[in-house]
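Given next are the chains, with one letter for each unit.
Number of protein chains: 2
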Amino acid sequence: MTLNTMDIKTYLTKKKDIVDKSLEKLVPPSKAFPPSVHEAIRYSLFAGGKRVRPILAIAAAEALDAGTADLLPIAGSLELIHTYSLIHDDLPAMDDDDFRRGRATCHKVYGEAIAILAGDGLLNMAFEVLSDSRRLKTIPAKRLVAIIKEISTASGVYGMVGGQVVDIESEGKEIDFPTLEYIHTHKTGAMIRASVRIGALYAKAGKKQFAALTHYGEMVGLAFQIADDILDITGSRKETGKDEGSDLKKGKQTFPSFYGLDESRRRAVEVSDRAVLALKDFGRKADPLRALAKYIVNRSS
Amino acid sequence: MTLNTMDIKTYLTKKKDIVDKSLEKLVPPSKAFPPSVHEAIRYSLFAGGKRVRPILAIAAAEALDAGTADLLPIAGSLELIHTYSLIHDDLPAMDDDDFRRGRATCHKVYGEAIAILAGDGLLNMAFEVLSDSRRLKTIPAKRLVAIIKEISTASGVYGMVGGQVVDIESEGKEIDFPTLEYIHTHKTGAMIRASVRIGALYAKAGKKQFAALTHYGEMVGLAFQIADDILDITGSRKETGKDEGSDLKKGKQTFPSFYGLDESRRRAVEVSDRAVLALKDFGRKADPLRALAKYIVNRSS
Chain A
1 MTLNTMDIKT YLTKKKDIVD KSLEKLVPPS KAFPPSVHEA IRYSLFAGGK
51 RVRPILAIAA AEALDAGTAD LLPIAGSLEL IHTYSLIHDD LPAMDDDDFR
101 RGRATCHKVY GEAIAILAGD GLLNMAFEVL SDSRRLKTIP AKRLVAIIKE
151 ISTASGVYGM VGGQVVDIES EGKEIDFPTL EYIHTHKTGA MIRASVRIGA
201 LYAKAGKKQF AALTHYGEMV GLAFQIADDI LDITGSRKET GKDEGSDLKK
251 GKQTFPSFYG LDESRRRAVE VSDRAVLALK DFGRKADPLR ALAKYIVNRS
301 S
Chain B
1001 MTLNTMDIKT YLTKKKDIVD KSLEKLVPPS KAFPPSVHEA IRYSLFAGGK
1051 RVRPILAIAA AEALDAGTAD LLPIAGSLEL IHTYSLIHDD LPAMDDDDFR
1101 RGRATCHKVY GEAIAILAGD GLLNMAFEVL SDSRRLKTIP AKRLVAIIKE
1151 ISTASGVYGM VGGQVVDIES EGKEIDFPTL EYIHTHKTGA MIRASVRIGA
1201 LYAKAGKKQF AALTHYGEMV GLAFQIADDI LDITGSRKET GKDEGSDLKK
1251 GKQTFPSFYG LDESRRRAVE VSDRAVLALK DFGRKADPLR ALAKYIVNRS
1301 S
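Going line by line, the protein sequences match chains A and B. Note that the numbering used here numbers the first sequence so that position 27 is 27, with each residue one more than the last. Throughout, the numbering used here is defined as the position within the second sequence, counted from one, plus 1000.
Worth flagging that the hints you see were computed from the coordinates, not collected in a lab. On a predicted model such as this, the values are computed, not experimentally measured, just so you know. Among the hints, a few may not be true.
Beta-carbon label-pair distances, calculated as ranges [as the list claims (entries may be wrong)]: (1) A/Pro178 - B/Glu1039: 15 to 25 angstroms; (2) A/Glu171 - B/Ser1030: 25 to 35 angstroms; (3) A/Thr138 - B/Leu1277: 41 to 51 angstroms; (4) B/Ser1257 - A/Lys173: 47 to 57 angstroms; (5) A/Gly111 - B/Glu1181: 17 to 27 angstroms; (6) A/Asp7 - B/Arg1101: 58 to 68 angstroms; (7) A/Lys108 - B/Glu1181: 26 to 36 angstroms; (8) B/Gly1251 - A/Gly260: 54 to 64 angstroms; (9) B/Arg1101 - A/Pro35: 27 to 37 angstroms.
Chain A is nowhere near these chain B residues, computed Cβ spacing over 10 angstroms in every case [unchecked claim]: (10) Asp1020; (11) Glu1062; (12) Phe1210; (13) Ser1257.
Glycine included, each C-beta is placed from N, C-alpha and C at the ideal position.
Here chain A stands alone, though its shape is the one from the complex:
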């Protein structure tokens, strides 16, 4: 039933290309605002991200048989927010990372002040894009407001920001498993879940479909995080773009530090299977979502 590995790689390349083109339109090279922050934003936004979140939104809308041309700027706003979070996470006061995706981090190139402001600018820009009157040509205003609520909640203190707070505060401390789960579900999980739900909202999902896609999003988010924790240990810097074992070095506890590598791998597959199972009432149009769930635990970067 699902796309094979070759197919999903082609699918991802195609969709990444479409998302990148849409992002180029949202933040074109011409400098309409101060050059330094403009450059810093483009530097981080076009640093070779996989565009997982926008692609999940697109694939969810496609699973419901919706056209996605007008979803692109909305999907792009997920990447603007993701990029803001990476820039702020990398800051010296936060995770203090010098490299990201094999390149110097934003603050290493542009300085801390511009990096903070580039992050702030990106977060604001996401909401500028979402509330642009052009969106209303194809999306009813009420649904657009629901989409904005979904994204801002996933991104804020009840979501990603909350997860990052607990992550930072747990560094070098013994934490229990529920705390690790809190960090996972909030820091990465919330935005991944929201990405899928945005696609569902856009495509006018019915109640049952929305619940199924929500469950899919939660499982994919969890699988993504377990796989990330495993990659931090097993992946080479060439593949992941960061130092091996960087979580360990920072005294961060991860899924494998609770369950070991083998059990973590087993769980990642189990969770990914559950994501696929959530789509049992969907037809062939959901194949990319199914393939994505599998790809996420098998990827090497």
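Assemble the complex: chain A is given as a structure, and chain B must be docked to it using the hints.
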């Protein structure tokens, strides 16, 4: 025609109280998200701000004879954004301020990481509040989307963030007057203008009324900034909550450094008069707006 000084002070106290109560509802003391960032957010949000932006929004809506109960959360979101900007501006990598309103700044109390995340959290929260489905009980979704667009644009790279970038980059440099104007109109002006326009949008202003209130907002923003620059030189720490001449110490050029104190005072009054003139077609209901324009140049903190 205008309220006298006594009246405007009573008006401001009353409105500040209403705004504070609304903010208490938006961010209640109970801890629904990680305690550290929750405390940091409340510490900075309830640090004795004058609530100028929310009050401008309320006064603009009142000038158009609109009830303002349902405007309060929207007006509150302006203060959430204002507070986020103060927390980030004060960071060591930015203006590096230890005191604000006579109290230690957020990062001095909670550390840099939590201060960055408190700012991020507040910015997200503004959009969570704006897109909350309860807003739609009294505001048509299309108008709410326009309000979100107005606020996000004023707050982002084309507005406040852009102004802050140029401000930071101009420190210790000779700048020309157009650059100072750019900083003023973007760093403070954009959000003050947006505050007035939000009130106008909420109250269904006609085209002409909207243009008049926009002009009022621009003049008030400018008057506010000139007055701020003057206060930085003449105000005592007791009144302003920060060290005297702190702009000068940072090598920041201000209105008085181009025009001297006397000419700056003359211009502040002139600009404030122009704000009042913009309201010539409004009746007595616009008296608080008129008084606010005068108060802003006469205040001592």
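Structure-based check of each hint:
Between A/Pro178 and B/Glu1039 the beta carbons are some 22 angstroms apart, a value that agrees with the proposed interval 15 to 25 angstroms. Distance hint for A/Glu171 and B/Ser1030: a CB-CB separation of about 27 angstroms, consistent with the stated range 25 to 35 angstroms. A beta carbon spacing of about 42 angstroms between A/Thr138 and B/Leu1277 agrees with the range 41 to 51 angstroms that was offered as a hint. Here the CB-CB span from B/Ser1257 to A/Lys173 is close to 49 angstroms, well matched to the stated 47 to 57 angstroms.
A hinted range of 17 to 27 angstroms holds for the C-beta pair A/Gly111 and B/Glu1181, which are about 25 angstroms apart. The beta-carbon spacing between A/Asp7 and B/Arg1101, approximately 59 angstroms, falls within the hinted interval of 58 to 68 angstroms. Between A/Lys108 and B/Glu1181 the Cβ separation comes to about 33 angstroms, which falls inside the hinted range of 26 to 36 angstroms. Taken as a hint, the range 54 to 64 angstroms holds for the pair B/Gly1251 and A/Gly260, whose Cβ atoms sit roughly 56 angstroms apart.
Checking the proposed 27 to 37 angstroms range against B/Arg1101 and A/Pro35 shows it holds: the Cβ atoms sit about 33 angstroms from each other. With a least CB separation of 20 angstroms from chain A, B/Asp1020 remains clear of the 10 angstroms interface cut-off, as annotated. Under the 10 angstroms C-beta cut-off, the non-interface status given to B/Glu1062 relative to chain A holds; the minimum distance is some 25 angstroms. At roughly 15 angstroms, the least C-beta separation between B/Phe1210 and chain A is larger than 10 angstroms, which holds for a residue marked as non-interface.
The claim that B/Ser1257 is not at the interface with chain A holds, since no C-beta of that chain comes within 10 angstroms of its own (minimum 21 angstroms).
In the structure shown, no violation is registered for any of the earlier numbered hints.
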